[in-house]
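Trainee: Chains as they are written, first to last, in our numbering: chain R, 1 to 320; chain F, 321 to 667.
Hints are not guaranteed to be accurate.
What the hints assert, rightly or not - Sample of chain R residues with no beta-carbon within 10 Å of chain F, all distances over it, derived:
(1) G178
(2) K285
(3) D306
Unchecked claim - Derived CB-CB ranges, DEER-like:
(4) F/L334 <-> R/K144: 49 to 57 Å
(5) F/M487 <-> R/Q67: 48 to 56 Å
(6) R/Q64 <-> F/A357: 47 to 55 Å
(7) F/H414 <-> R/K183: 31 to 39 Å
(8) F/W568 <-> R/K149: 39 to 47 Å
Calculated from the structure, these hints are not laboratory results.
Glycine residues also receive a C-beta, built at the ideal position from the N, C-alpha and C atoms.
Now for the letters of each chain:
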Amino acid sequence: MTLFKTLAGAVAIAGLMAGSASAADMTVGFSQIGSESGWRAAETTLTKEQAEKRGIDLKFADAQQKQENQIKAIRSFVAQGVDAILLAPVVATGWDQVLEEAKDAEIPVVLLDRQVDSSDDLYLTAVGSDLEHEGEVAGDWLVKEVGDKDCNVVELQGTTGSSPAIKRKAGFEKAISGHDNVKIVRSQTGDFTRTKGKEVMESFLKAENGGKDICALYAHNDDMAVGAIQAIKEAGLKPGSDILVVSIDAVPDIFLAMANGEANATVELTPNMAGPAFDALEAYKKDGKEPPKFIQTESKLYTQSDDPKAIYEEKKNQGY
Amino acid sequence: MTMPATIKRVLPQLAALVVILALNTAIAPGFLDIAYANGRLYGSLIDILNRGAPVALLAIGMTLVIATRGIDLSVGAVMAICGAVAAALITGDHSLAATILMTLGVGILCGLWNGALVAFLGIQPIIATLILMVAGRGIAQLITEGVILTFNDPGLIFVGSGSVFGMPFPVILWIVIGIAASLIFRTTALGLLVEAIGINRRASALAGIGTSALLLAVYAASGLCAAVAGIVAAADIRGADANNAGLWLELDAILAVVVGGNSLMGGRFSIAGSLIGAMIIQSVNTGILLAGFPPEFNLVIKAAIIVVILVVQSPASHTLFAFFKHRPGRAAETPAGAAKPEEGGAR
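Whole structure, please, built from the sequences with the hints as guidance.
Mentor: Right, here's the structure in full:
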């Protein structure tokens with residue numbers, strides 16, 4: 001009896017220890033690019049939140065847009081002997097040496113949001129969004145929304161030549177190909193900004209019969225859509241009904257517009273890249289399971305029926 | 321300065337503007353249509369006047385600075401600072417009047433900082449204003465804490481997208497401020513004094529002109545114009561975007577001044593010319609948007625048109641025009657008689 005009790009107690013304690021060993025004992029270093037955009041600030045907030053929730057000790061280093069600061073941060077993480085490193089690389093090249101050092105110290109590195117040009121055995125996995133898939137989700141929504149009706153789409157592109165602009169355009173085009181009733185009639189860059197989004201939308205409205213010939217607007221980011229919505233309103237049309245508005249990113253302000261019925265849909269570029277990264281790390285630490293080299297985050301579609309007001313309240317405090 | 325002389329002075333710029341507008345009409349049918357809807361005038365021409373407002377406002381101050389042989393690279397950043405200040409104040413429950421007055425004050429302060437570096441420390445204007453150009457955007461980001469600071473105050477929004485007698489308010493702002501500045505500098509000796517500094521600062525000082533005070537005032541005026549432009553830009557999108565507000569607009573403002581026929585070497589200046597220059601630039605921008613070319617072509621087309629305008633305006637081409645104009649009757653004219661009008665025309 002006593003022996004049984006002792007055994008049971010030992011098992012229970014061992015179980016507890018095993019349970020805590022997977023997360024609570026983990027120390028993770030996070031080298032963030034900086035805080036150049038609201039999205040990145042939200043990514044930092046959510047990473048800290050996720051770490052706290054899982055009992056992970058997170059060491060945070062802000063690189064202020066400089067690769068040399070990131071390399072310094074990684075070296076100091078290695079010196080401190082952390083269990084894993086999260087890296088949001090500011091540029092794609094020049095990481096071989098420092099990743100090699102982390103590998104020699106047997107510290108797994110997980111890339112967040114952006115990729116590097118180094119060989120993929122230098123890091124454990126990369127967590128990120130598929131930009132082309134985001135455009136596709138937006139296009140699929142529009143195709144379904146308009147059904148068989150003819151729909152002339154105007155497109156506000158991101159900064160010319162930037163990879164989100166190229167891929168989000170390609171994804172959307174892929175989604176609407178084969179649906180001849182939906183076609184892009186005008187496409188111009190709005191530089192990802194509200195001001196340019198508004199100015200370019202004004203010219204679209206003028207060029208397309210005062211906006212009467214436009215059925216939908218596809219913007220490569222929410223900020224341009226917010227600017228364009230103002231231009232549509234000032235032209236005396238109703239955004240959201242006269243002209244459908246679909247965009248990408250899911251920043252708080254677009255949810256406010258959706259709550260007012262002025263925007264229809266947005267595709268989320270989730271700032272929660274750390275969640276899947278920690279999941280993969282915990283699985284790897286526990287039983288050495290190698291995750292795939294690229295973990296794609298969900299590109300979730302939000303529409304007016306998703307209680308945009310509540311999402312706005314929730315997102316507003318994430319640092320966007 | 322008599323009226324006909326003023327008009328004659330900006331004749332080449334007006335001609336360029338008409339040509340661009342004609343091109344736009346050819347590209348986009350209905351370009352000249354103006355309708356009245358929702359209590360405001362509505363049309364591409366109105367868009368040009370309205371969208372060109374920030375650059376036009378900046379160009380007024382920039383003209384004065386350039387007339388003193390200076391340059392103000394900080395105006396875009398000052399726009400971002402003032403937009404951020406205005407948004408922060410109005411969301412901090414300050415009254416509209418207090419918000420606007422304090423924001424204009426911040427703009428003047430920024431200008432005084434530039435002016436002090438130039439007038440008292442003798443730092444070259446391009447370097448002196450480069451400091452605030454770089455630092456200003458950071459200051460604006462500190463004020464907005466890195467987010468787009470949105471506001472809903474109807475009074476402040478009116479500055480960016482309201483209208484008076486159907487005309488968008490920003491248009492009225494730049495026209496009124498432009499006329500006021502022209503009157504202040506042309507009905508008094510101020511304009512002449514500013515030109516004197518631009519031509520020879522040391523000689524002006526020796527002649528008894530308070531060059532330091534005037535330089536301070538001119539840079540402060542540029543800061544003030546940038547503050548107004550900053551409020552307009554923020555009010556237009558109902559938010560202060562520290563990263564993008566006024567980005568590269570200092571270059572457009574300098575271009576507007578140069579296209580307006582003013583010399584970067586200082587001296588004689590025309591505010592009216594700069595304002596027309598700003599409208600030329602905006603007409604090109606709007607025309608490109610209406611034309612529906614792929615966006616990869618935007619900057620190349622803009623550059624090509626600007627090059628043509630500047631080449632036509634250049635002193636060398638004036639000599640060339642005059643040469644061909646006078647060639648048939650060259651024997652009848654003395655060379656000196658042929659050279660005089662060319663010189664006048666080059667300005």
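Trainee: Would you pick out the hints that fail for this structure and give their numbers low to high?
Mentor: 7
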